[in-house]
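Going down the list, the sequences are from chains L and D.
Reminder that position 178 of the first sequence reads as 178 in the numbering used here, one-by-one numbering, no gaps.
Reminder that position 58 of the second sequence reads as 1058 in the numbering used here, one-by-one numbering, no gaps.
I should point out that these hints are in silico values taken from the structure, not numbers from a laboratory.
A quick note: this is a predicted structure, and the numbers were derived from the prediction, not measured.
C-beta: ideal position from N, C-alpha, C; glycine also.
Do not rely on the hints blindly, as some may be mistaken.
As the list claims (entries may be wrong) - Computed from the model, here is a short list of chain D residues facing chain L with C-beta under 7 Å:
#1 D1054
#2 A1143
#3 I1153
#4 F1154
#5 G1155
#6 A1156
#7 R1160
#8 I1162
#9 A1167
#10 E1242
#11 R1246
#12 Y1247
#13 A1248
As the list claims (entries may be wrong) - For each label pair, taking beta carbons as the anchor points, the in silico distance ranges come out as:
#14 L:V238 to D:S1142: 39 to 45 Å
#15 D:G1068 to L:S13: 51 to 57 Å
#16 D:P1238 to L:D107: 48 to 54 Å
#17 L:N84 to D:F1112: 48 to 54 Å
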Amino acid sequence: MAANPSSTALVLSRVTAYFGDEKRGESAVLKDITFSVPTGAFVSIIGPSGSGKSTLMRVILGLMSASSGNIVRNFTKPAMVFQNYALFPWLSAIDNVAFGLKMQGMDRKERERIAREKLNQVGLTRLERHFPSALSGGQRQRVGLARALAISPDLLIMDEPFSNLDTITSEALKTDLLKIWRSYGMTILMVNHLIPDAIELSDAIHIMSSHPGRIEKTVSVRLPRPRDTRSPQFYAEVDALTEAIREIS
Amino acid sequence: MIGNISRPKTRSLHRSHVRRNRLAWLMMAIIVVSAYFFLAAGYFGGVDWPTLVDAVLRTTYRLAVAYGIAVIIGVSLALIVGWGPLIDFFFPVFDILQNLPSFALFPLFIYFFGLTDIMIILFAVSSIVWPILFAVLTAIRSAHKDLNDAATIFGATRLRRIGYYLAPLSFPAVLTGSIVGIAIGWESIIGAEIISTTNGFGSYIKNVDVAGVNPSAVAGALCILIIVFAVNRLVWAPLLLESGRRYAE
């Protein structure tokens, strides 16, 4: 866990955060969170609902400040994929994808070219003029992923990206996500509550407990990629992680 | 696949719009046919049409100018204070101000501006601005946290946040606030014209017969109804349809 700025995208050291006012005695939502994320790794954070996983992501992105502790951010262009998509309803799929590029001041022609390319990568070329309300959950999440990829992020944070999707859509999106991760080489930090998903995708898994949210254990997944989710080794990893979570809770 | 997902929503929206549209036109047809029968029967024989049209146009002009000023002030104020910490201070202040009965302040408007066009317009602004301001403030404050985060992460910060995120986010609220505001605006302007006997529809009906129903007053009411209907059908109905289409969840 030694922090080496050249090989770690993110280092958190004893990070504590409160929702309300610490001085008024309100309880911490995150307590002494310490972990690091190697550059280019796929790291998952799993834990029960209410353990502060999403809050941790907001703290990492600077959307919420930590009360104490240190955060070393060795990334310049973070992007996020949200559980409930968070697409701008007034923008078409292509304009949603191009939003970040527009904010960077890129001209329309160039940003539409890039947005089209990203939509193509996530398999939504034909739907570029559709508004989010006309898209299914899986399609919206793909637009969300394309929007994140469009700004060429060096850190991609995903907050339970599969939890609102049906199994078939979720499987297809996971396959696409792994392809994209391999081709982009970016660092991915994913919040999750599904143990098999975490094992299938991650290099390392941090297990959180709740009240207050803290990292209880870190598990490295050493299965070779691509991972066979029906192999005995995969099931053994799932069992081991399940057992670890049981011990904590 | 997208056809199955998008068409039912679009169809349902379209069907309800068509139903409302038909009902509105039916009501208007009843009013026009009734007016025609009154006209044919010579009921409006004694109406001074040039004076009536002049009065209605003056009142409509005042309302249009007052609405224009109110929408600029209301939306700008809401966009400026709505997303910062200042809102916690301003919201209760606005709430108290909007609860002041408009006509209680009428003497002040006369004192400062005299019996002029400007006085009536500014008095109407003081009534129209509140529903617009509060609708936009509510829209900004109730925006989903993830949508706010997405806007921040993808670069909609500072002034860009207003132009590219908060303004489009508030569009449906501006519409509903405007519809309510204009309804209040008619009352304020006509009331102000009646009290101040400044030329316009208010003073016209006061002159023709303030207490009773007579052909001139009926003809005036019909003129106002036709204007209200035309604005509703030609401006608000298409904008509401577009807003419903784009902003549907």
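Each hint, compared with the structure:
no., hint, result
1, D1054, "violated, 41 Å"
2, A1143, "violated, 10 Å"
3, I1153, "holds, 5 Å"
4, F1154, "holds, 4 Å"
5, G1155, "holds, 3 Å"
6, A1156, "holds, 6 Å"
7, R1160, "holds, 6 Å"
8, I1162, "violated, 13 Å"
9, A1167, "violated, 10 Å"
10, E1242, "violated, 10 Å"
11, R1246, "holds, 5 Å"
12, Y1247, "holds, 5 Å"
13, A1248, "holds, 4 Å"
14, L:V238 to D:S1142: 39 to 45 Å, "holds, 41 Å"
15, D:G1068 to L:S13: 51 to 57 Å, "holds, 56 Å"
16, D:P1238 to L:D107: 48 to 54 Å, "violated, 31 Å"
17, L:N84 to D:F1112: 48 to 54 Å, "holds, 50 Å"
Going through the hint list in order, the structure does not satisfy hints 1, 2, 8, 9, 10 and 16.
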